[in-house]
Amino acid sequence: MKVQAVGRQKEANRVGAWRLSTTLRSWLATSSDPSGLAAFRILFGAIMTAATLRFWLKGWIHDLYVAPTYHFTYLGFDWVRPWPEPLMYLHFLVMGFAAFTLMLGAATRLSAAVFFVGFTYVELLEKAAYLNHYYLVSLLALLLVFVPTSEVASLESWWRSRRRHRVPDQVFPRRGIHEAHCRAEASPRFTTRRWGYALLRSQVAMVYLFAGFAKLNHDWLFDAEPLATWLSAHTDLPLVGPFMESVYTAYAMSWAGAIYDLSIVFLLSWSRTRYWAYGVSIVFHCLVWWLFPIGVFSWVMLASATLFFDPSWPRRVLESLQHRLRAHRLRALKPSALHRSDPDGSALVLEPLEKQHFAPEKTRALGVGATLAIGVYLLLQVLIPMRFAFFPGNVLWTEQGFRFAWRVMLIEKTGQLEYVVHADSKRYRIAPRRELSAQQARMVATQPDMIHQYALRLAQRYREAGASDVRVYAHSWASLNGRPHQRLVDPSVDLASYPRSFGAAAWLGATPWIVPLKEPRLGSLPTM
Amino acid sequence: MKHVFFSYLMILSALGCSDSGSIDSRQELLQYWGTQVVLPGYQEFETQAAALQTAAEGFCAEPSSARLDGLHAAWIAARQPWKEMEVFAFGPYLNEPLRLGPKVDFWPVRVGDIEDVLEDTDEINAAVLGASRKGFAVIEYLIFAETSGSGLDLLVSKADAPKADAPKADAPKEDRAAAERACRYLVSLASDLSLQATRMHEAWDPDGGNYLAELTEAGSSSTAFPSLQRALSEVVNRMSFTVENIRLDKLGGPLGVTTGGSPQPDRAESQFSGRSLDDIRDNLRGVERLYFGEIESTEGPDLTGDAGVSGNSGSTEAFQTALSLERYALDKGHSFSAPIRKALQASLTALDSIEMPLTSAVTEQPERVSEAMGHLATLQTVIQVDLIGALSLTPVFNDTDGD
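Line order of the protein sequences matches chains A and B. Numbering-wise (our numbering), the first sequence opens with residue 1 and increments by one. Numbering-wise (our numbering), the second sequence opens with residue 1 and increments by one.
The reader is advised that the hints may include incorrect statements.
Unchecked claim - In silico DSBU-like cross-links for lysine-lysine, where the CA-CA straight-line distance does not exceed 35 Å: (1) A:Lys-518 <-> B:Lys-342; (2) B:Lys-342 <-> A:Lys-10; (3) A:Lys-426 <-> A:Lys-518.
Just so you know, the hints here were simulated from the structure itself, not pulled from any lab data.
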């Protein structure tokens, strides 16, 4: 009996899970207006086109990828190497073109794929150039390979429309005020499925939420660091300059930033607070862009925030504009210009655009494979930022599990680094900032994994020069968020004896060379 | 709603503009450094370089040991302001098209290059010679001939020799010819050095190239610095670079710490004049002046409450802190005076404890040289890590999102 009961329970659970899965899959497949996705594609493509051009014009292709003779690669991606200089520029040209065609919606998925591969390749070349928002750009580009975004407002849809549903000109005996309306009626009714929105929204939501949770630390909340330090450098700004030195401003902005990150997803999702929340987002991101050298991050986030709007928002905006335009034209028209069959010009303001192009359709549930793929992707996006929990110590100091975790604007870290290489019986003191680019030198001085990586590089160099017994010790000092300097790396540990691998040393917290952070912030005087 | 908005804007403007008459403290500091440190410093260098040229011409016109001594003194006198200004090794010092730093002071000296010029027979024109064949180090090699063996001392010994000893003092004809060529080389070098000194001064001068405005007008008309913060960052980071150069190049190079441990005296700066350690002291004085302010006078008010550290522990010199990095940091709520002063003092004391020229000390007193390097490392850490971090002066090269 007991066995039968357990069996029935299992069966019931299985059925329940299947129903839940079916409900979820049906929900993901629900018909949605595609114009919100199209607007995001256009905005994202435009920003990426401009960003690629900006990168080129600022000379960063040369500075970051051509000039350095050594590159800090990511673990497992040592094989990713820069092209020769002319090809590097060609690479950016192709990447920028792909972003442009993505914006236009021409070969949309292919464009997204080319941009994703091109952009991610560039990011993998140099760890010293890592930025959270570059990582976000890679992820969004990857999602745009799969999410359908070219149903409307794209060259693809325009071309499809012309080929499949071309209405001969003779249908319209006279070019008149009815023509546009009749063509719209003849055009296909476009739709998309909800999963595209769900996936992109989840991705963006995770950025905000993880960034918000990361701000719930002592430095940010109770010392207003690093904002207090950063803002004090902006006393020369017009209007707000005098406020930048006040610690109250730093506290206000720190807390406001944390609250913003933690709440904005919900405020944007709820129709009652949406427009207000987007207004706050505009102010927030423009302020960040104004105050800090954060590049295109603000614009990417403002574009991404539109994903939380009602999917038909672009139509409504266009509709509103078109109504105004038509009303304006109508007022300008003389009565004699109106068509006999439409003496009051009502066809000019007839049907809402959303009805002309979008109507919900009955759809089949999303496939199990697709649902699983979405689930696995989102699970990874949750787990990757949380991997820091496997490492001991303060993540802001050790930076183990720091990247790819949406820890944005959390640290002001300065460092000084030198190595002492013991090669056979000789010793060499090496200052890496004399061998690396300024950007690399700045980053390696404060990031333990890069310190280790360069130590291995030095060991390799001396071994290649013929030394048999090579040991590398790092003399590294760093300061985090205004704390007095302290050792970052244990100078008695031979870094060359630890291989760079996915093994225990790198992933299970056994990093004996990192000296734990002494928490108190000392040496600063209170400022008001 | 519009009224509320405009009222808010007006309040903001009123608050924001309430202090509009005052100058940004960074701009004030940069202006002070420019007008009170850089311009007078390079003016002094220009004057001393011209005096060196005169001394060189005078010596070669009528060689004598007294004139040679005068030439040594002139070289040292020109050296001092130049080394004090090394902390401003950017802009015209480093950047093309001027790039005056290497033209004035390329070291360690490449004796082979100098000998090539001396052995050549072409007319010498220092203006077209490469950096390793002119400048302070080459002049030093020529005039401190008793240590370098350049041959210039032949002229002196010939001139100073009593008439009775004339045949003895007579050197072989070819040696005399070589010494005379060395003298022509010297005059050309001194003339070129004076010219470069003038160019350096003019490059900073508001009536000339006005690089000074690049610093003081940062964020407005400056093309080199997009903000005052970046301009300040440049100067403060140069302080750190200067200390690192002292450690690793000026002390560490001859000691052999960067080359495997074997002392290499020929990598020392000012190795023929024995001025290596004084060069370092001058460098540190430049760093000290930027942080603590100009040394005002022996009777000046001691605004910091501490004694100065400019080499003499018993000095009554006081520092004017009204315009200094120390004052700026204090205004921002940070005090690094004690650790910087302590490290500076310890470094200078360690340098003072070296009882012989650096070229000898690296083999005979290496532990004292190492000790000085250790104290300088502490000084560098305080500047490069603590000071730069606290004042947010880390140079930013491209986009960042704070990670």
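Can you give the numbers of the hints that this structure goes against, from lowest to highest? Number 2 only.
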